[in-house]
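Participant: Going down the list, the sequences are from chains V and P.
In case it helps, the working numbering puts the first sequence at residues 109 to 579.
In case it helps, the working numbering puts the second sequence at residues 96 to 297.
Hints are computed from structural coordinates only; laboratory data are not their basis.
Note that this is a predicted model, so its numbers are computed, not measured.
Take the hints with a grain of salt, since some may be wrong.
To be verified - In silico lysine-lysine, PhoX-like type, Cα no more than 25 Å apart, as pairs:
{"id": "1", "chain 1": "V", "residue 1": "K269", "chain 2": "P", "residue 2": "K245"}
{"id": "2", "chain 1": "V", "residue 1": "K498", "chain 2": "V", "residue 2": "K471"}
{"id": "3", "chain 1": "P", "residue 1": "K245", "chain 2": "V", "residue 2": "K267"}
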Amino acid sequence: MPKTLFDKIWERHLVADDLIYIDLHMVHEVTSPQAFEGLRLAGRKVRRPDKTLATADHNVPTDGTPVAARIKDALSRKQVETLEENCAEFGVPVFSLGSDRQGIVHVVGPEQGMTQPGMTMVCGDSHTATHGAFGSLAFGIGTSEVEHVLATQCLVQRKPKSMRINFVGELPFGVTAKDMILGAIGQMGVDGAVGHVVEFAGPAIERLSMEGRMTICNMTIEGGGRAGMIAPDQTTFDYVQGKPAAPTGAAWDAAVEEWKQLYTDEGATFDREITVDVEQLTPRVTWGTTPDMVVGVDGTVPTPESFDDPAERGQAERALEYMGLQGGERIEDISIERVFLGSCTNGRLADLQAAADVIRGRKVADGVYAMVVPGSVQVKIAAEELGLDKVFTDAGFDWRGAGCSMCLGMNPDVLQPGERCASTSNRNFQGRQGKGGRTHLVSPQMAAAAAIAGHFVDVRTFEPAGEPVAA
Amino acid sequence: MDPISIIEGRVSDLPRDDVDTDQIIPARFMKRVERTGFGEFLFHDAKEAPDWNVEVGNPILTTGANFGSGSSREHAPWALEDAGFRAIIAVSLADIFASNCTKVGLLPIVLPEEQVRAVAAAGDARIDLDAQTVTAAGEAYRFEIDPDTKHRLLNGLDDIGLTLNDEAAITAYEERRAASTFPGPSSLSLPPETSLSTTPVA
Ligand code: SF4
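Let the sequences and hints guide you as you build the complete structure.
Facilitator: Given below as structure tokens:
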């Protein structure tokens, strides 16, 4: 019987009925302390420290604070120190503040080569689906499940349903992976994929870089999906090869042979399937407080009356009120005060490069505070080797240290009430980037262009003529 | 976790869709390393909205579609539980949130919209987990729940203890994998940390 990629990975990891084996468990400081405490109280140990990797990311300041003990906020300091202590006690490797491998958990895994095709991966974080870009099954879990995986290396899990999103057509100039996923979420809604593991497929996916694929899988949860995945191919293998944890020599060849079996068989069926025509896409900008409240940069903010469903109309009204916007306003007329370039969605080297290409030789608009936060220390080092830090600082951007930063209001990088931000992160929820903050989700190129213009602009016409924008 | 069988009492109503975990508990209140004490931060910012009138302190919460979307933070169910809620009756629930609820003894229930509205309108309800019913204003509505989850909740069982009963199967799986052509990466084989700074604190 023909099988989906998801079926194949699932079957290989079944230990018993509804019990799957976890190949890699990523851990961070916010969702793990209670789990380690649970182990301690029960007298249990971490079953497989070699399949566990921790990093500090959500809480850490991005101002270059060199060690946990120097974090000014007492509660954040306690969480990061607790992570370090727990990892030392249980023998789990940890990249904490001061390590040159510290960074956002979903940037660190792929960059260390710990994320490989065909694996099962979990983390106490909903954006774990990012790792599915390598053809692995990766999803977010809660703290009780973190404890469960630490103790047993397994997870109790009923097999979710399957869904495929086919991206057809040729990606137009100036339209990126971020626009593809925002387009898909706009089309299916924020609960369009609830209960499903989503495979992203189609020619537009196959042509994407690994960074683009990670951006897409990252936001699966924003469509309600449990996990997102993309079948591995040569692009994947090339990316993994040579990374610190990647197999070498004969083991590499054997691994690639195995990984080549990871695709959805001809004739395999999904519980749900949708098609997104990428040729219809323009650069996307969210206008509301859920990621499906999204339009093209060439469009206008919808009016509440344009929604037939009374519930949706009410939601649109509340969202516009919160965002301080009027229905009918042109997106390009919306001015911004802050720009945030970073997060596990768009904080990788390719994202920073794409943004740098837009701003090179230009200046951030008056009244705009723009920050760039590399997703990891490794990304920061690589970007500095390419001189990107110079490009950003010359333009007036703040060049920061690695972490989640203003993706969520949990560390010193936050929006003030009423501040409007062009953000490359993944959630525009009320208060997500700081109480009362107003978030518009965009691609790195669009965020960079908005920083220069002081309002949203269409990066396709903003670009110097003829120069292509990387996907 | 305490066993759950009957949940009975007043109903609080939050009649909207897409109440995400950032609204249930904003990230800045997730910095505790303990499991308790999150109740005071429940709906911390959301409740400032002028039309907010959700009573806290009742055992049952009714709400709309896609409740608990967004972050996987178990702090959201912890905050709800700490504030006194024992069951959430929604039109639909985000996956991770629903699963997290069952780990903290908070019963996640999905019912069709008219039924959720009827329960909210009644103002009082009685939930019988064993019978899988919600009774309000004399009407009984049946809900579905995964049999294993139900068994675990009814008996207050520890998930980890249950899985460790499969120890032999886990070990056998690990041995099989270790002998295969692709045993998977090891985090312990990464170069050790050398740069973790030991700078004395000023
Ligand atoms: S960058 Fe944002 S979405 Fe990603 S792990 Fe950090 S807080 Fe979560």
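Participant: Among all the numbered hints in the text so far, which are the ones the structure does not match?
Facilitator: none
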